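Chemist: Residues per chain, in single letters:
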Amino acid sequence: MQVQKVKVENAFSRKVRQRGGRTKIEAIQRADATVEKTKPKYHDWVAEYIMQLDALFTKAKSSQDFDMRSFDAAYLKAAHIRTGGTFGNEMTTAVADRLCESCFTG
Amino acid sequence: MAQDDLNFSDIAFLVVEADANFRQLIAGILREFGVGGIKEAESADEAMPFLTGGNVDFVLADSHLSGVSGFELVQTVRANPENPSRFIPFIVMMSHTPMTHVMKARDCGANIVVAKPFSPAVLYHRLSWVARDERPFIVAPRYIGPDRRFKIEGYPNGVGRRAEDQQTDVGEEAGPAMTQAEIDAMFT
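Those protein sequence lines, which keep their order, are chains X and H. Residue numbers for the first sequence follow numbering that gives the first Met the number 0, so the first one is 0 and each next one is one higher. Residue numbers for the second sequence follow numbering that gives the first Met the number 0, so the first one is 0 and each next one is one higher.
In case anyone wonders, no lab produced these hints; they're calculated from the structure. Owing to the predicted nature of the structure, the values given are computational and were not obtained by experimental measurement. Treat each hint with caution, since some may be false.
[As the list claims (entries may be wrong)] To give an idea of the chain H side of the interface with chain X (calculated C-beta under 7 Å), a few residues:
no. : residue
1   : Gly-36
2   : Glu-39
3   : Ala-130
4   : Phe-136
Every residue gets a Cβ at the ideal spot worked out from N, C-alpha and C, and that includes glycine.
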C-alpha cells in the first residue's frame, strides 16, 4: 500500500457555511444556560460516582492478584468525576485528576 | 451571517460517550447550538451501525469507552474503504491527557482533541476549527487521517485567537496531563 494524499470533501464544512442557523453568540448563550440548568444534578452524579469508585477500589485492593479490570473501571469513573469543571467545580476536577493519575500509574 | 457563525441545522452529530449523564449534557449543548440531528451511543459497538449507515456528518467520541476505545473506533472507521463515514471529522474527547494519550489521539486519525471538562464556548471553537480545516487526508499503511505534518500560525481566520496560538514549537512534556493549549499545539 502506497502513501496517498487524498483531498476529501468536508461535507460538514460545506453545510455549516449555509445561510441560517443561530449566531455564535446566541448558540453559546443558549448552551451555557443548559449547562447552568444541569448544574444541580451534577452533585447527585458525583455522589453516585464516588460510591461506585469506592466500591471499585475496595474490590481491586481485596483481590489476590492485580485486578486490572477494576482499576480500569475506577479510572473511567474518576474520569467521569473530572467533568465537574464544566459546571464550574474546578476543585472536583483537580481531585479527580489525582484519582486518574493514581489509577493510570497503578 | 458573520464569519464566526455556523449553521448546524443540517448536521447529524454522533456522540459516543460511556457516561450517560455527560452524553446527555453534550447532546443538550449541541441542541442549543441548533444541531439538526443528534445520535447517541454508549460504546464503539453501538456507534458502528450509525457510521456504516452513512448518515453521520460529525463524531464526538470519548477516548475511554468500555471495550473498544475511542482511538480504535476512529482507526477502524478510517481503515475501511467501504465505510461511508471514512473521512468524516472526529473530535476525540479526553478526560485525562497525559502526552502518551494525546499522541495516540493524533496518531489514530482524529481531527482534533478536546480536553474535558470543556465549556460550550470551547466546543464551539473546536467545531469552527474543524469547519475551516482544509488539510488533505493521508492514506498510509499505518496511518489514515488528516495530514499531521503541517504547521499553521494559530487557528484559521476568525477562530479563537489567543497569544499562545502564534507559537508553532511543540513544547516538552511539562507534566502528567497536558492542557488544552498544549494539545492544540500538537495538532496544529
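Chemist: Now, for every hint given, state plainly whether the structure supports it.
Modeler: Hints and how they fare:
Below 7 Å, beta-carbon pairs count as interface contacts, and H:Gly-36 has none with chain X, the closest being about 11 Å; its hint is therefore violated. Restraint check, H:Glu-39 versus chain X: the minimum CB separation of about 16 Å is more than 7 Å; hint violated. About 5 Å separates the beta-carbon of H:Ala-130 from the nearest beta-carbon of chain X, less than 7 Å, and the hint is met. Because the closest C-beta pair between H:Phe-136 and chain X is about 4 Å apart, less than 7 Å, the hint holds.
Consistency with the previously given hints fails for numbers 1, 2, ordered from lowest to highest.
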